[in-house]
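Chains as they are written, first to last, in this note's numbering: chain A, 1 to 260; chain B, 261 to 545; chain C, 546 to 876.
What the hints contain is simulated information worked out from the structure, not anything from laboratory work. Some clues are possibly wrong.
Cut-off 25 Å, straight-line C-alpha distance, at most; resulting in silico cross-link-like pairs (BS3-like, lysine-lysine) [as the list claims (entries may be wrong)]:
| id | chain 1 | residue 1 | chain 2 | residue 2 |
| --- | --- | --- | --- | --- |
| 1 | A | Lys-243 | A | Lys-231 |
| 2 | C | Lys-749 | A | Lys-76 |
| 3 | C | Lys-779 | C | Lys-749 |
| 4 | C | Lys-749 | A | Lys-136 |
| 5 | C | Lys-725 | C | Lys-749 |
| 6 | C | Lys-655 | C | Lys-725 |
| 7 | A | Lys-76 | C | Lys-725 |
| 8 | A | Lys-234 | A | Lys-136 |
| 9 | A | Lys-12 | A | Lys-30 |
| 10 | A | Lys-234 | A | Lys-12 |
| 11 | C | Lys-749 | A | Lys-75 |
| 12 | C | Lys-555 | C | Lys-725 |
| 13 | C | Lys-779 | A | Lys-75 |
| 14 | A | Lys-76 | A | Lys-12 |
| 15 | C | Lys-555 | A | Lys-75 |
| 16 | C | Lys-655 | A | Lys-76 |
| 17 | A | Lys-30 | A | Lys-76 |
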Amino acid sequence: MTRATAPVLELKSVSRLFEGIRAVDNVSLKLYAGEIVGLIGPNGAGKTTLVNLISGFLSVSSGDVIFDGVSITRKKPHSIAQSGIARTFQIVQPFARMTVLENVMAGAIYAGHRRMVQARDKAVECLEFTKLAHLKDMPASELALANRKRLELAKSLAMSPRVLMLDEVNAGLNSSEIDEAIQMIRSIAATGITIVVIEHLMRVVTALAERTVVMHHGAVASEGPTDEVMKDPKVIEAYLGNKFAQRFAETSGVPVARPA
Amino acid sequence: MISQYIVNGLLTGGLYACLAVGFSLVWGVLNVVNMLHGSMVVLGAYFCLYGVQQLGLPLYAVAPVACLILFVFGYAIQRGLLNRVITQPILITLTLTFGLDLIVNNLVIHVFSATPQSLVTNFGTVEFAGVRVPVVRVSGMLVAVILTLVLYWLLRHSKIGRAIIAVRMDRHAAALMGIRIPHIYALTFGIGAFMAGAAGCAMALIYPVTPMMSGVFLGKAFVICVLGGLGSVPGAIIGGLVLGVVEGLGTLTLGQQWATSVGFIMMMAVIVLFPTGIMGKKGYE
Amino acid sequence: MIIDRAFVLKIAFGVLLFACGAVLSAVLDNYYLQVGTTLAMLCSLCWAWNIVGGYMGYPALCMISFFGIGAYAGGIAQAAGLPETFAWLVAAGVGLLFALLLGVPLLRLKGHYFAVGTIASVEVLREVANNWEQLTGGAIGLNLPIHAGSPDEVGRFFYLAMLGLAFLAFLITAVVDRTKFGFGLRCIRQNEQAASMVGIDVFKYKVGAFVLTGVLGAATGAIYASMVAFIEPKDAFNLIMTIEIPVMVMLGGMGTIFGPLIGGVSYVILKEFVWAYFINWHSGLLGLIVVTVIYFLPVGVLGLTWRDIFKKFGASRSTTSVASDIARSAS
Numbered sequence: 001m002t003r004a005t006a007p008v009l010e011l012k013s014v015s016r017l018f019e020g021i022r023a024v025d026n027v028s029l030k031l032y033a034g035e036i037v038g039l040i041g042p043n044g045a046g047k048t049t050l051v052n053l054i055s056g057f058l059s060v061s062s063g064d065v066i067f068d069g070v071s072i073t074r075k076k077p078h079s080i081a082q083s084g085i086a087r088t089f090q091i092v093q094p095f096a097r098m099t100v101l102e103n104v105m106a107g108a109i110y111a112g113h114r115r116m117v118q119a120r121d122k123a124v125e126c127l128e129f130t131k132l133a134h135l136k137d138m139p140a141s142e143l144a145l146a147n148r149k150r151l152e153l154a155k156s157l158a159m160s161p162r163v164l165m166l167d168e169v170n171a172g173l174n175s176s177e178i179d180e181a182i183q184m185i186r187s188i189a190a191t192g193i194t195i196v197v198i199e200h201l202m203r204v205v206t207a208l209a210e211r212t213v214v215m216h217h218g219a220v221a222s223e224g225p226t227d228e229v230m231k232d233p234k235v236i237e238a239y240l241g242n243k244f245a246q247r248f249a250e251t252s253g254v255p256v257a258r259p260a
Numbered sequence: 261m262i263s264q265y266i267v268n269g270l271l272t273g274g275l276y277a278c279l280a281v282g283f284s285l286v287w288g289v290l291n292v293v294n295m296l297h298g299s300m301v302v303l304g305a306y307f308c309l310y311g312v313q314q315l316g317l318p319l320y321a322v323a324p325v326a327c328l329i330l331f332v333f334g335y336a337i338q339r340g341l342l343n344r345v346i347t348q349p350i351l352i353t354l355t356l357t358f359g360l361d362l363i364v365n366n367l368v369i370h371v372f373s374a375t376p377q378s379l380v381t382n383f384g385t386v387e388f389a390g391v392r393v394p395v396v397r398v399s400g401m402l403v404a405v406i407l408t409l410v411l412y413w414l415l416r417h418s419k420i421g422r423a424i425i426a427v428r429m430d431r432h433a434a435a436l437m438g439i440r441i442p443h444i445y446a447l448t449f450g451i452g453a454f455m456a457g458a459a460g461c462a463m464a465l466i467y468p469v470t471p472m473m474s475g476v477f478l479g480k481a482f483v484i485c486v487l488g489g490l491g492s493v494p495g496a497i498i499g500g501l502v503l504g505v506v507e508g509l510g511t512l513t514l515g516q517q518w519a520t521s522v523g524f525i526m527m528m529a530v531i532v533l534f535p536t537g538i539m540g541k542k543g544y545e
Numbered sequence: 546m547i548i549d550r551a552f553v554l555k556i557a558f559g560v561l562l563f564a565c566g567a568v569l570s571a572v573l574d575n576y577y578l579q580v581g582t583t584l585a586m587l588c589s590l591c592w593a594w595n596i597v598g599g600y601m602g603y604p605a606l607c608m609i610s611f612f613g614i615g616a617y618a619g620g621i622a623q624a625a626g627l628p629e630t631f632a633w634l635v636a637a638g639v640g641l642l643f644a645l646l647l648g649v650p651l652l653r654l655k656g657h658y659f660a661v662g663t664i665a666s667v668e669v670l671r672e673v674a675n676n677w678e679q680l681t682g683g684a685i686g687l688n689l690p691i692h693a694g695s696p697d698e699v700g701r702f703f704y705l706a707m708l709g710l711a712f713l714a715f716l717i718t719a720v721v722d723r724t725k726f727g728f729g730l731r732c733i734r735q736n737e738q739a740a741s742m743v744g745i746d747v748f749k750y751k752v753g754a755f756v757l758t759g760v761l762g763a764a765t766g767a768i769y770a771s772m773v774a775f776i777e778p779k780d781a782f783n784l785i786m787t788i789e790i791p792v793m794v795m796l797g798g799m800g801t802i803f804g805p806l807i808g809g810v811s812y813v814i815l816k817e818f819v820w821a822y823f824i825n826w827h828s829g830l831l832g833l834i835v836v837t838v839i840y841f842l843p844v845g846v847l848g849l850t851w852r853d854i855f856k857k858f859g860a861s862r863s864t865t866s867v868a869s870d871i872a873r874s875a876s
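The following block holds chain A by itself, in its conformation from the complex (with noise of 0.2 Å):
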C-alpha cells in the first residue's frame, strides 16, 4: 500500500544483535500519521525489543529509525521522548512515591515542554480522559493494576506524543476494562497521533487496528490489512505450529508449505 504523503515514522534494515541472536532482524516498516498499527507475534518475536530500539531504550545494532525526516537511531532516550515518541511498558514503572498527578505531571513537563502550572492542567486533562482524576492525590504504589496501566497510558499522553507505542496494554485486564481501553484508543488516535498497539489479545487488535504487522524470530513474517493478515497461514503456523497450521489449510483449502 503506497501513500502519498510521508511516513512519520520509518524503519530501515533495523537490526539488534545480542551477542549472536538476531532479537531483530532486519526490520523495514512505515507508520503513517493518525493510523493505528498492530503488531503481534508469539512470545520472543522480538515486538517489544522493537519499541525497545525505536524509543531508543536499547541501541541499534545496525540500520536507520527515521522519524519526521530525521534520523534519531543514535539519540538517547530522553531525546526521543521529547521529540514525540511515548511507549508504555509491559511492567508498569510509575515513581512510586509520587502522586498519580505527580506521574502524568512528568510526562507533561519533559517530553511534553510545558512549565509547572501548564503541566498541573495538562496532567489533569490527561486523568479526565484515562477516568482516574478522582485518585490523583493517591501516591502511585498504592494503585491496583487496571489502574496503573491506565496511568501509563495518562502519562505517555500528557508527552503529548505524535507515535504512541503502546505495549500489551491489556495484559492482566477482564473484559470490560479491555472494552474500555479500546475506546480509550480509538479516541486518541482520532486526535491524529499514531498508534502501534501489540497485543497478544486478537480481538483488540481486530477491533482497533486497520493494518497489522506480524513478527517472527524477530523478522517481519506478513504484513497488511488485519482481516488478511489473520488468515495467513504463515501467521497461523508462527502462533500454533505447523501441525495445526496444516490441519487449518487442510480443512479451508488455503495452501500451506509443507516442512522440509
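With the hints as your guide, set chains B and C onto chain A.
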C-alpha cells in the same frame, strides 16, 4: 633493590588479603559496607595483647579465642541491630555501621588506652635470593593466607559455605530454597569479624597497634575490595597482593608518605574504569 | 514554578528567620556569634548535600571534599594576595570545576560504588593536601591573612557572611524544590529509567545537582578558612564530618526545604550537650546519636507524614482505598 620491596609487598599483601576478605564477604553477601571493620581488626589485636601481656597466656592460645569472641560479637551485632535495616539503601547501613564504629572506637580507647603497644618479637631473619625477611613477618603472612584459603575451601565445600554463596547470588531464590537468611547474614558477618580479628592478631606481631589504626585498616580493605571484586576470596587475595606490591613500589619511587595515597588513587581509577574490579567479576550495586 | 500559599509561607518564614538572625548579630556576644556561625555553616552544608543526597537520592559522601577544596582554594588565593570576597568566588569556581571532574565519572555509577568513590575522594584529597607542600603547606597547614578589626567586629562579619551563604543555600533549595529541576531530581531518585523515558536528560540533571552541591560546599569552606585563618589537611578533610552532614539531613528530613535546618540545629544542640557533659565519651556518644537517628527516624522528622504515623497505629489506609476503588469501578 627492587626485589626486596616486591617481596615485602607480597608479604604485606598476604596479610592485607586476610584483612580484607571479611570486609569483602560482608559487602558482597549482605550488601553492607561495614565501617566497623577496621575497629574489629584493632579489637583482635588488643585481645591478643591483653591475653599475652596481662594474662600471660601463649599467643597460640589467645589468638583463636580472640577471633571467636569477635565472631560472636559480629554475629550478635548483625542479628540484633543490622538485620532490621538490612534492606535499606546503602546510606543508611553505612552510617549505621559508622555510628557503631564511633562507639566501639571510643570504648577501645578507654578500655585499652591509646598508647601504641605491640607484640613485636624478633625471631631473626631469613634470607633467600638476596632478599631479607623477618621470620615473624613470614609466619604472620602464612597464617593469614592459610586462614583465607581455609575460608575459601569452606565456602566452596561446606553446606553452610554454599548457602552463603547462594545468598550472595540471589537472596530471594535462596530464601525460597529454605535457607534461613537472617542466620546466614549473621554468620557471614560473624565470619567477617573473625577474619578481621585474625588479621588483627597477625598485625599485632608486626606493627605497633593503636586505636587510630582502624581508619587505616578500613581504607585498605576498601581499596582491596574495589580491586578484587566483592564477595570473592580469590579477589581479596589478588587485591591484597596487588595493593601490597603497589604500596611497596610506591614507597620505593615516591617515598613513604605517598604509599597510602597511591593505593587510593589506584582505587579511584579502578572504580571509574572497571567498576566490577580488575578481576572482572560481577560487581554489586 | 508552582507558587501556592504553602510555598509563600515557607519562604516568608525562612526570610523572617534569617532576618532575625541578622538583627541578632548586633546584640549577641562573641560566644553566641561563634555558635551561630558554626550553625549557619553546618546548615549551609546540609542544604547543599540535600540537593544531591536528599532530592536526588545519591549517597554522596564527598561533602567534605568540596568543603576542603573550597577552604584550600580560598586560602591559597588569599595567601597569594587576593581580597577576601574575591577569594571566596574563586573557591566557588574551583568547587564547580572539581564537582565536574569528580561527578562526570562517578555519576555513571550507582549505589555502593558511587558512595565508595566519593569517600575515596576525601582520602585522596587529604593525602594530596598533606604531601603537596609547595601548594598547600603540607601537613603543617596553611596560614591565611587575618581579617582586620576587633574580635567583635570580625566575629560579626563572619557571622553575617555565613548567615548570608546559608540564606543563599536556603533560597536555592526552595527554588529547586519548586521547579522542573527539583521535580526531575525526585523522578531520578525513584526510577532513573522511567525518568529518562519521560524526557528527562538524566545525566545533565545529575551533574547539575552535583555541581550545585559542590559550589555551595566550596563556598562554605572558603568562608570557614578565612574565618579561622588557618587550615590543615586533617581539619579540612575530616572524614567524620562527611558522614555527619547526611545524618543531620536524615534527622531533619531528606528532600525537604526545612529538613536540613531542623536537622542541623537539632544535631548541634545534641552535640553541644554531649561535649559539655561527656567530653571523654564524645565520639562514642556521637556514634550513639547516629545509630539512634538511623534506627528510629530513617525518614527524618519532616519525612514522617500523617499517613505513616496512622499506619503504625492500625488501620492501613491502602487497603481501605483499594476497597473503595473496587467498589467504585464495579458501580
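message = Let me make sure I understand: some of the numbered hints might not hold for this structure. Which ones are they, in numerical order?
response = Hints 3, 4, 8, 13 and 15 not satisfied by this model.
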